[in-house]
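Visitor: Now for the letters of each chain:
4 protein chains.
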Amino acid sequence: MTVLTATDRSGTDHAITFRSDIDVTLMDSMATDASVIAAARVSTQGADSAEFWDMDPAESKGLIKFLARNRHGTPFEHNSFVFRVTAPIFVYREWHRHRVGWSYNEESGRYKTLEPAFYLPGTDRKLIEKPGSKPGNYEYVPGTAAQHDWLVQDMMEDCVNLYTRYQDRLWRGYAKEVARMTLPVNIYSSMYATCNARSLMAFLSLRTERDDAVFPSKPMREIAMASEEMERIFAETMPITWAAFEEFGRVGP
Amino acid sequence: MTVLTATDRSGTDHAITFRSDIDVTLMDSMATDASVIAAARVSTQGADSAEFWDMDPAESKGLIKFLARNRHGTPFEHNSFVFRVTAPIFVYREWHRHRVGWSYNEESGRYKTLEPAFYLPGTDRKLIEKPGSKPGNYEYVPGTAAQHDWLVQDMMEDCVNLYTRYQDRLWRGYAKEVARMTLPVNIYSSMYATCNARSLMAFLSLRTERDDAVFPSKPMREIAMASEEMERIFAETMPITWAAFEEFGRVGP
Amino acid sequence: MTVLTATDRSGTDHAITFRSDIDVTLMDSMATDASVIAAARVSTQGADSAEFWDMDPAESKGLIKFLARNRHGTPFEHNSFVFRVTAPIFVYREWHRHRVGWSYNEESGRYKTLEPAFYLPGTDRKLIEKPGSKPGNYEYVPGTAAQHDWLVQDMMEDCVNLYTRYQDRLWRGYAKEVARMTLPVNIYSSMYATCNARSLMAFLSLRTERDDAVFPSKPMREIAMASEEMERIFAETMPITWAAFEEFGRVGP
Amino acid sequence: MTVLTATDRSGTDHAITFRSDIDVTLMDSMATDASVIAAARVSTQGADSAEFWDMDPAESKGLIKFLARNRHGTPFEHNSFVFRVTAPIFVYREWHRHRVGWSYNEESGRYKTLEPAFYLPGTDRKLIEKPGSKPGNYEYVPGTAAQHDWLVQDMMEDCVNLYTRYQDRLWRGYAKEVARMTLPVNIYSSMYATCNARSLMAFLSLRTERDDAVFPSKPMREIAMASEEMERIFAETMPITWAAFEEFGRVGP
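Protein chains in written order, with our numbering: chain A, 1311 to 1563; chain B, 1311 to 1563; chain C, 1311 to 1563; chain D, 1311 to 1563.
The hints are simulated quantities; they were obtained by calculation from the structure and are not laboratory data. Watch out, some of these pointers could steer you wrong.
Because identical chains share one entry, a pair is satisfied inside a single copy or across any pair of copies.
To be verified - Result set (DMTMM-like, lysine to aspartate or glutamate): computed pairs, CA atoms no more than 25 Å apart in a straight line:
#1 LYS1371 / GLU1546
#2 LYS1486 / ASP1323
#3 LYS1444 / ASP1478
#4 LYS1422 / GLU1487
#5 LYS1486 / GLU1467
#6 LYS1486 / GLU1404
#7 LYS1422 / ASP1366
#8 LYS1528 / GLU1557
#9 LYS1375 / GLU1519
#10 LYS1422 / GLU1404
#11 LYS1436 / ASP1521
#12 LYS1371 / ASP1522
A quick note: this is a predicted structure, and the numbers were derived from the prediction, not measured.
Work the whole structure out from these sequences, hints included.
Guide: Written out as C-alpha cells, the structure is:
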C-alpha cells in the first residue's frame, strides 16, 4: 500500500492511498452441507427429511455428487453467505450483472464523499494483450518490470490529479454526485453481497480461470481475485458441496 | 386429527389421516435487525459500516423506519429464513407463484408414495360464499355446524376412496406419477422454503388479511394460516424490521 | 376426446370431457436470431451494433454458436414468447418451479367454477414403473392394452364422481375455493406463460427427454409434451439459436 | 455537442466529444394493453380469455385500473420492450441494480477500445447541494452560469487528459482492460436493456422525480432523463396501463 499526500486547489491536503488487493470478508453465514441433503431428500422422504438437517453430511456425500453431476440445482439454495467486499468500481460493474440469487448494497457516490483509495495492478498482474487476441478469448502476458513501473506511475498521477480536483469541486459547493463525475473506475468502493451456494457456484464458474473446467472462462483478473477468496470460504463452509462442484467440472448446478 | 382405517382393493389397510392445520417450522435462520442497518449504512459509511453488524440495532430504529416508509428494499435482503412447511397441495399452488427471493424443494409425487394425509376445513374456516361476491373481492361467511359436518363427511368419503384406489394402482404396478393423477388437491405435501425479510414481507403483504393495510388483500385462509406463523417467527427474529413493516401499512419495501 | 354425461346430486347434468393432449399455443412473440447477434455485438461495437438488428442473421451464425458453446447467456434474453397453455394441474406443479425469466397467469379455482375437463394417459404413455427403478432415474415401460383400458376406466370413474360432487357443493352454497378441495390433480387448467429464449432453453434442457444431451434429464411425459411443442415453435422462430442449442448438447446457455 | 481535438503522447489525434444527453431508443417491442386484460381474465375465464388478446382494450379500462390500484402485478408481465441506451457509466451503475425483469448487454471496456465521448451536465442540471441536505433526501439548486462554465471547463480538461493517456497506454501495448482503469465514470457506454411493463413501472417509480407519487423518490437527474424517455414510449405503447399507473400514484404494481 502506497500513500501519497496531495494538496487540492483549495489548499487542503489529502492522503491518497494505492492498493492492489480485493478484500472479501465473510460477515455472516448460514451454510451447511447437511441442508443440501435434507432439501434433496424432501422429494423422497417428505417432512421426515428434517432429520438430515442435523446429521453428519459425510454419510450422504454420494447424494451431493449426484445432484452436482446431474445439475439438480435447487437443493443448493437453502443457505446464505454475506460478504463485505472492497474493490474498485470496475469490478462491481461486472459483479452486479449477476442478478439471480444475489443481493447488494453498495457505497454511494451520491451520498458520501468518496475516500481517496485507488487500485493499481500488482506486479503479478498480466498487463499486455497478446497480439492477435480475440474478443471473448483474450490472452495476456506479463509486462516487464519497467512496463509495470511506468504504468503504475502514470495511473498514480491520474488518481492524485482527479481526486484533488474532486475535493476542490466539493469545496466549491458542487454536489457530490456532480463532483465525482470524472473520478476514475479504479477508485475503491465497498458493498455487502449476499448469495447462496447455487448462485455462488454460478459466479465461480464464470469468474474463476480454470482450464480444467467443463466450460472454461477467461475472467478479468481482479474479479477472479474476489472469486478465489469466496471459493476458499465456500470450501471451508460447505466442503462436500465444494468438492462435488470441483469434481464435476465446475459447472454451476 | 381424525384417522380412518380403509382397505384398498388389494386388501391392504391404510390409516387415512385428516388434519386442519398448516405446519410451519423454522429450520434455520441468519437474521438480525443489525444487518439491515449495516447494509443501509454502507451507502454513507462504506466499509466502516461493518461495525453496525454487531451493535445494538435499537439505536438505529429510526433508520429502519425510514427504509420501510420510503420503500428502500435492498437492505432487507442480507438475511435468510429456512422454513419447513407441511400443507395441502392447493396451498403450494399459490405459494410457488412467488418467484423472487424464494427457494423451494418439495416432496415429489413422482418419486415417493404419497402419505394418506388430507386437509379438512376447521370449524372456524368460513365455508360459504356471500351471494353477489365478485372475483378479486370475494366475501365469505361461516357455515352452520351442519354445513361443516356435511362437508367434512363428504370430503372424507372422497379422500378415503381416492387414496385406496391410488394404493391399489400402485399394487397393480402403475408408476407413482400415473397412479396419483386422481389424488385430490387437499392431500398434504412438505417442502422447504427459504426467503429473506424482503421477499417475506412481499409475501405477507399479499397473503395475510389485514383491513388496515395500505393495500388490503383477500388471501385464501389456508395460505394466510402459514403466513401468520411465518410472521410470528419474523417478528421474534427481526422485531424492529417487523414493527416498521407493521407501522407503515404492511407494504413490502 | 371422450365426453360422458353425469348427473350431480342436485339433478343437474354435466358433460365430463376427457383428453390426453397438452395444448400450447403461441399468442404473441418478439423473437429473432438477429437480436441475439446485436446484443452480443454491443460488447465489441457499442451503439453501432444496432445495425445487426435488421440484418440477415445467417451471416453471424458462427457468433451464435460461439455464445451457445461457451454459455454466454445474456444475449439470448432480448426476445419474448407468450404461450397459452392448457394442461392438467400436475403439470403446472412442475412448471411453476421455473422462477427466472418466466411470467405466469393461471386460471383460478378460487374465482372460477372449474370446467369438467380431465386428463387421461394416451395409449402411448408409459404406465408401468420398471421394478428396481430409483428416484431421479426412474424407468417406465408401456402398459398392455388391458392395463391402459383398466386405468382409464378407473380414472374416469373418479373424475365423474368428484366433479359431480364438486358441482353439488357449489349448488349447496359452498365457496368455490372450498368446494374444489377434493378435485384431482388431473383436472385441466389454463395459463399464459411468457419467457425468453434463455429461460426457454433452461426449461427445455430439463423438460425434454434426450439421451444425447450433455446433461440428460428424465422429465414427466406430460410436461415433455408441452416442451416439445414449445421447442417446435422456438425452432421455427429462432432457427439459428435453436440449431446451436441442439448442436452443443442442449445445455441452457 | 462539443468536440475537441487532442493529441496523445504517441502523436495521434483524437476527436473528444462532449454530450449532455441520454439516448434511449426503442429497438423492438411486443406490448399491448390487451395482453394485460387477457392475462388477468384467464383467472376467471380460463383459455377463453384468449379472445381479449385481439379486442379493443378500451372496454376493459376498469379492469386495468383495478389491477393497478390493488397491485395485482403479474398480468403486466406478458409484454416486452427492448431499449438501446447510450449513457455515461455512472448511470449504468444504478441501472444494473434492477435485477428482476430486466436483461442487459453492455459495451465492454475489456473487449473494445472505448470511444472518446463524455458526459457534461447541461445548463439545466442542478449542480449545487443545498447546505443541510441529508442522505436519502438531498436537495439541489441550480448553479450560476459561471459555476456551470467553470465545472464544464474543469471536467473537459480531465476527460481530454484521461482519454489521451488511455490511448497512449493502448499504443504502448497495455491491455484494454488495464489501460482503461483510470477512465472516468462520465465516459459514455451503450447497452440493450429489455424489460416488461411491470419491471418498467418498478423502475419508473424509483427513477423519476414526482412529488405527487405515493412514494416520492429523489433519483439522480441523469437516470431520470432516461426514465422520462422510457415513460414517454411506454405511455404511447400501453396508454391504458400507463394512465392507471399515473392515476394510482405511480406505485409499481
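Visitor: Now, for every hint given, state plainly whether the structure supports it.
Guide: Comparing the hints with the structure gives:
Taking the shortest alpha-carbon separations for LYS1371 and GLU1546, only the intra-copy value of 16 Å comes in at or below 25 Å, while the best inter-copy value is 35 Å. In the homo-oligomer, the alpha carbons of LYS1486 and ASP1323 lie at most 25 Å apart inside one protomer (19 Å), although the nearest pairing across protomers, at 32 Å, exceeds that limit. With identical chains, the CA atoms of LYS1444 and ASP1478 are at most 25 Å apart between copies only, with a shortest distance of 21 Å across copies and 42 Å within one. For the identical chains of this complex, LYS1422 and GLU1487 are intra-copy neighbours only, at 9 Å inside a copy versus 27 Å across copies, given an alpha-carbon limit of 25 Å.
For the identical chains of this complex, LYS1486 and GLU1467 are neighbours both inside a copy (22 Å) and across copies (19 Å), given an alpha-carbon limit of 25 Å. For the identical chains of this complex, LYS1486 and GLU1404 are neighbours both inside a copy (24 Å) and across copies (15 Å), given an alpha-carbon limit of 25 Å. Within a single copy, LYS1422 and ASP1366 get their C-alpha atoms only as close as 47 Å, which misses the 25 Å cut-off; across copies the closest is 24 Å, which meets it. Taking the closest pair of Cα atoms, LYS1528 and GLU1557 come within 25 Å of each other both inside a single copy (20 Å) and across two copies (23 Å).
Within a single copy, LYS1375 and GLU1519 get their C-alpha atoms as close as 22 Å, and across copies as close as 22 Å, so both meet the 25 Å cut-off. When the C-alpha separation of LYS1422 and GLU1404 is checked against a cutoff of 25 Å, the pair qualifies both within a copy, at 22 Å, and between copies, at 15 Å. Taking the closest pair of Cα atoms, LYS1436 and ASP1521 come within 25 Å of each other only inside a single copy of the chain (17 Å); across copies the shortest separation is 43 Å, beyond that limit. For a Cα distance limit of 25 Å, the shortest separation of LYS1371 from ASP1522 inside one copy, 22 Å, qualifies, whereas the shortest one across copies, 27 Å, does not.
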